[in-house]
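Given chain A's structure and the hints, the job is docking chain B onto it.
Protein chains: 2
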Amino acid sequence: MTNIIHSIQRALIVAGVHGNELNGIYALKKFVQHPDLIRRNSFETLTLLANPKAFAAVRRYIDQDLNRSFRKSDLQDLTRSSYEDIRAKEINYLFGANGKTPVDVILDIHSTTANMGLTVITNDRPFNLQLVAYLQSLKPAVNIYILPKSKESSSLPSICEFGCTIEVGAVAQGVLQADCFQQTEALIINALNYLEKYNRGEILPFDNSLTIYRHLGTIDYPKNESGELQAMIHPQLQFQDYQPLAPGQPMFLTFDGQTITYEGELTVYPVFINEAAYYEKGIAMCLTQKQLIHNYQLSD
Amino acid sequence: MTNIIHSIQRALIVAGVHGNELNGIYALKKFVQHPDLIRRNSFETLTLLANPKAFAAVRRYIDQDLNRSFRKSDLQDLTRSSYEDIRAKEINYLFGANGKTPVDVILDIHSTTANMGLTVITNDRPFNLQLVAYLQSLKPAVNIYILPKSKESSSLPSICEFGCTIEVGAVAQGVLQADCFQQTEALIINALNYLEKYNRGEILPFDNSLTIYRHLGTIDYPKNESGELQAMIHPQLQFQDYQPLAPGQPMFLTFDGQTITYEGELTVYPVFINEAAYYEKGIAMCLTQKQLIHNYQLSD
Numbered sequence: 056m057t058n059i060i061h062s063i064q065r066a067l068i069v070a071g072v073h074g075n076e077l078n079g080i081y082a083l084k085k086f087v088q089h090p091d092l093i094r095r096n097s098f099e100t101l102t103l104l105a106n107p108k109a110f111a112a113v114r115r116y117i118d119q120d121l122n123r124s125f126r127k128s129d130l131q132d133l134t135r136s137s138y139e140d141i142r143a144k145e146i147n148y149l150f151g152a153n154g155k156t157p158v159d160v161i162l163d164i165h166s167t168t169a170n171m172g173l174t175v176i177t178n179d180r181p182f183n184l185q186l187v188a189y190l191q192s193l194k195p196a197v198n199i200y201i202l203p204k205s206k207e208s209s210s211l212p213s214i215c216e217f218g219c220t221i222e223v224g225a226v227a228q229g230v231l232q233a234d235c236f237q238q239t240e241a242l243i244i245n246a247l248n249y250l251e252k253y254n255r256g257e258i259l260p261f262d263n264s265l266t267i268y269r270h271l272g273t274i275d276y277p278k279n280e281s282g283e284l285q286a287m288i289h290p291q292l293q294f295q296d297y298q299p300l301a302p303g304q305p306m307f308l309t310f311d312g313q314t315i316t317y318e319g320e321l322t323v324y325p326v327f328i329n330e331a332a333y334y335e336k337g338i339a340m341c342l343t344q345k346q347l348i349h350n351y352q353l354s355d
Numbered sequence: 056m057t058n059i060i061h062s063i064q065r066a067l068i069v070a071g072v073h074g075n076e077l078n079g080i081y082a083l084k085k086f087v088q089h090p091d092l093i094r095r096n097s098f099e100t101l102t103l104l105a106n107p108k109a110f111a112a113v114r115r116y117i118d119q120d121l122n123r124s125f126r127k128s129d130l131q132d133l134t135r136s137s138y139e140d141i142r143a144k145e146i147n148y149l150f151g152a153n154g155k156t157p158v159d160v161i162l163d164i165h166s167t168t169a170n171m172g173l174t175v176i177t178n179d180r181p182f183n184l185q186l187v188a189y190l191q192s193l194k195p196a197v198n199i200y201i202l203p204k205s206k207e208s209s210s211l212p213s214i215c216e217f218g219c220t221i222e223v224g225a226v227a228q229g230v231l232q233a234d235c236f237q238q239t240e241a242l243i244i245n246a247l248n249y250l251e252k253y254n255r256g257e258i259l260p261f262d263n264s265l266t267i268y269r270h271l272g273t274i275d276y277p278k279n280e281s282g283e284l285q286a287m288i289h290p291q292l293q294f295q296d297y298q299p300l301a302p303g304q305p306m307f308l309t310f311d312g313q314t315i316t317y318e319g320e321l322t323v324y325p326v327f328i329n330e331a332a333y334y335e336k337g338i339a340m341c342l343t344q345k346q347l348i349h350n351y352q353l354s355d
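Same order as they appear, the protein sequences are chains A and B. According to the numbering used here, the first sequence is numbered sequentially starting from 56. According to the numbering used here, the second sequence is numbered sequentially starting from 56.
Fair warning: there could be bad hints in the mix.
A pair holds if it fits inside one copy or across any two, identical chains being indistinguishable in the list.
[Stated by the list, open to error] Here are the simulated DSSO-like pairs of lysine-lysine, each with C-alpha atoms no more than 27 Å apart in a straight line: (1) Lys278 with Lys85; (2) Lys108 with Lys336; (3) Lys84 with Lys194; (4) Lys194 with Lys127; (5) Lys194 with Lys85; (6) Lys345 with Lys204; (7) Lys84 with Lys127; (8) Lys108 with Lys194; (9) Lys204 with Lys127; (10) Lys85 with Lys155; (11) Lys252 with Lys127.
These are calculated hints, taken from the structure and not from any lab test. Since the model is a prediction, treat every value here as computed from it, not as a measurement.
For reference, chain A alone in the conformation it holds in the complex:
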């Protein structure tokens, strides 16, 4: 595993890992129709509509979540044959490290029903931090959400060391929303510009500090013994992604109107609050820690 890239040969723009996240899919369609938008001199840009069958059905997935189908052991397991299992193997065969046209960087476009604005999700590999820092320097409203490397092991971007996942929201599943479409498009253009500058050696070390939100863990909805929901996200917390949540503040509201407060010891910054697709995963929100990184380096 390397932490730096000497030169980017090939970048992959992915959309439609989830078939009902339309804004990224239509941004990708635009790029395919206007390849000049994503063509750069120093590297090749590829595109992938990851789950076309789910897109046709306007559903997140057909048999299982494609973005949880890339565990190395699963990719090698010949008995796994759901639609998404097969699709994951195909994608890995094409673009993975030992694939036909291995890619150096993946930009994977998603959307969320949570109010996460424009978010880039990555790990703290220095190349990736530099990339997202650049994106934030052009658009300060971009939020940076850092996952531990272990959390990514079954996701599509895990087949490649470098890149980031883009989330935009709040937007409903199955809805094209012009502001989200435009923000996504602009972010991809900026990311490709970054890769071009990187290849040309034009990236200056950032000496600014960088605000990141580091993943701590997840919180499930209150449920009864049968697994039925007993409460909703509290109205005071709904759409408050990236805002501080202090011990004692409202977190959930039961159907009878009782408030359930956050009982942790530290102030946290919830994200993915009330994401529609996470009910089935037992996630009401992800908790993060807000951090300031100073003088981070290109190599570690």
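Structure of chain B alone, referenced to chain A:
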């Protein structure tokens, strides 16, 4: 067909006609657990989770839209046997005019990704207008959307002369949102209170004027010859349900950033703007005419 009811014997609260519209479903679950909330002295209140299989799958429907499955000819067609066809026949057999426990009034709870706030949809039968006028008198923010009777012919409420459909939004599919849940619950309680007052002869004729939005027609997204979307709802129109749209104002935005304006002759009031479930129906929005009704009567 009658336009008045002498006495309400039985009212039916329906939720989950669409399995991914969670707020109504959880309001219904609460009513089932706390029957005192919906029990009234002068009539019987029944409840129905209309599409349990779609709810379990968190999808609008399994095979076809249940709320388009109630055409009289379809209900009598023995060859129709999709999940929703069978379900529609069961529901009609239970609650329809010639059913086992026919109901006099249906309150059918939905939600929408459009920014329609709290909306009641009905036709202009005097009983229904009185009901929704009462609901608006208690909560002035309630919007009244009037459909021609012909538009309802395949919907679940078409099996009954009286009642209304409740829409709340904007809320994403598959998401419980506390404010929407609470608004829905309160509206149902108020509607049941109205029915109780009606049976007791306590309803006074309203002499106030009433603002309604009358359905005019629908507009599809711009598409190419293959049926592919060529534009999105314009950002200036997104979430502007019930606001005036004048000729020449922006309606759509192409993926290349070109504005498409509204070219009708009259100012209209769009609703169901960018409803996720209506993409497949070829509906980008419904157009309505805003009207003031004066001195409407209980019988016509």
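Against the structure, test the hints numbered earlier, and report the numbers of the ones violated in rising order. 4, 7, 8, 11
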